[in-house]
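Residue-level listing of the chains:
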Amino acid sequence: MHEMSLAVALMEEINAIASQNQVERIQEVELHIGVLKQVVPVVMQEAFNAASIGTPAEGALLKQVAIDAQASCRSCKNIFTPEPDNFLCPVCGQGLIDILKGEEFILQSLTCES
Amino acid sequence: MNMKINVVKHVLAANDLVATENREVFRKAGILAVNIISSPGSGKTTLLEHTIPALGKVDPSIVVVGDLQTTRDAERVSDKAIQVTQINTGMSCHLYANQIAESLPGLNLEKAGYLFIENVGNLVCPGEFDLGENVKVILLSIPEGDDKVAKYPTVFRVADIILLTKIDLLNSSRYNLQRVYDDINKLNPTAKVIEFSSLTGQGMEAWLEWLQTQKQQSVGAQAKFVKE
Chain A
1 MHEMSLAVAL MEEINAIASQ NQVERIQEVE LHIGVLKQVV PVVMQEAFNA
51 ASIGTPAEGA LLKQVAIDAQ ASCRSCKNIF TPEPDNFLCP VCGQGLIDIL
101 KGEEFILQSL TCES
Chain B
1 MNMKINVVKH VLAANDLVAT ENREVFRKAG ILAVNIISSP GSGKTTLLEH
51 TIPALGKVDP SIVVVGDLQT TRDAERVSDK AIQVTQINTG MSCHLYANQI
101 AESLPGLNLE KAGYLFIENV GNLVCPGEFD LGENVKVILL SIPEGDDKVA
151 KYPTVFRVAD IILLTKIDLL NSSRYNLQRV YDDINKLNPT AKVIEFSSLT
201 GQGMEAWLEW LQTQKQQSVG AQAKFVKE
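The listed protein sequences correspond, in order, to chains A and B.
Following our numbering, the numbering of the first sequence begins with 1 at its first residue and continues without gaps.
Following our numbering, the numbering of the second sequence begins with 1 at its first residue and continues without gaps.
Do not rely on the hints blindly, as some may be mistaken.
Subject to a maximum C-alpha distance of 20 Å in a straight line, what follows is the list of computed DMTMM-like cross-link-like pairs (lysine to aspartate or glutamate) [to be verified]:
(1) 4(B) with 12(A)
(2) 28(B) with 146(B)
(3) 9(B) with 13(A)
Here are some, though not all, of the chain A residues that point toward chain B, as calculated from beta-carbon distances under 7 Å [claimed, not checked]:
(4) 38
(5) 84
(6) 92
(7) 93
(8) 95
(9) 106
(10) 108
No lab work stands behind these hints, which were simulated from the structure alone.
Remember, it's a predicted structure, so these values are computed and weren't measured experimentally.
Note that CB positions come from ideal geometry on N, CA and C, so glycine has one too.
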């Protein structure tokens, strides 16, 4: 459900960049989305379609690149991939961890006609 | 001719910046900001109806309520808190840091000890948006079922405390409490968990004690506000 909020925030960024660079039409928008962000690609696409109407990004291809989760254990320093329902370190079983990757929602690049 | 613009920008950076500013306002005012998140009907407003009077006149509370429509929740706590603001989010399923920032100038933060932010009833999206709160409270009521922690892991992973509300209904339902504890321990073993009932008062003392401890630790302790 939060895909619409993300799409609106994304469009603010895109519109600002488009106007700075005097871009009239955007062909491709590349997003890097961490798997922990709970973004559903189909829903994100729909939200993007709706939010981009009337902007330079209307009709642009939305490329969604998934970023895998990665965590590091504070106890044994092990680097691991947490499971969706299990964030304990698989080596020592401790739960004090730092998330290194997987929480991104990054506008990576825009491909434009100029 | 085609041109590629490399941007590499966190899209929610604007929200996070406002959240950081909110947190600074709370620190200066010496107030503990509590973001309350749960599904609709888990008992957020009822929790506030009981918590605010119990915290007493020494530490009065201000409430900001987020809902899609109506001022019903605000009305329920209006005679208990010193100030209540309702934010109608329309179609948005969560509060933004900006909505909190916009409501702050109208609030007497200096006169209160606690700012309770009752988020829109939703177990997914509110966990993704930092409002500038000091602590996140997640409510999970017994009627929702014992499978919800694993189904909605993000909010439980970011929780500072989890209240298992309507615990008085435990014996009248097929509910595996151990399953809930096991799931929480795999996601967020450092979160405090309290079995809670606004009806019987079970867990109220532990909840109030936790809030007071958080307030003591947060107010003036700037290091706590550094987001890792």
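Now the hints, each set against the structure:
1. Taken as a hint, the residue 4(B) and residue 12(A) pair is honoured in the structure, with Cα atoms around 18 Å apart against an allowance of 20 Å.
2. Under the criterion of a C-alpha separation no larger than 20 Å, the hint pairing residue 28(B) with residue 146(B) is inconsistent with the structure, at around 40 Å.
3. With a CA separation close to 9 Å, the supplied pair residue 9(B) and residue 13(A) stays within the 20 Å bound.
4. Interface restraint check: residue 38(A) against chain B, minimum CB-CB distance 6 Å, threshold 7 Å, status holds.
5. Evaluation of the residue 84(A) hint against chain B yields a held restraint, the C-beta minimum of about 6 Å falling below 7 Å.
6. For the restraint placing residue 92(A) at the interface with chain B, the shortest Cβ-Cβ distance is roughly 12 Å, beyond the 7 Å limit, so the hint is violated.
7. Because the beta carbon of residue 93(A) sits about 10 Å from the nearest beta carbon in chain B, more than 7 Å, this interface hint is broken.
8. With its C-beta approaching chain B no nearer than about 3 Å, residue 95(A) sits inside the 7 Å limit, and its interface hint holds.
9. At a threshold of 7 Å, the smallest CB-CB gap from residue 106(A) to chain B is about 6 Å, leaving the interface hint in force.
10. For residue 108(A), the shortest C-beta to C-beta distance to chain B is roughly 6 Å, which falls under 7 Å, so the interface hint holds.
Checked against the numbered hints above, the structure breaks hints 2, 6 and 7 and satisfies the rest.
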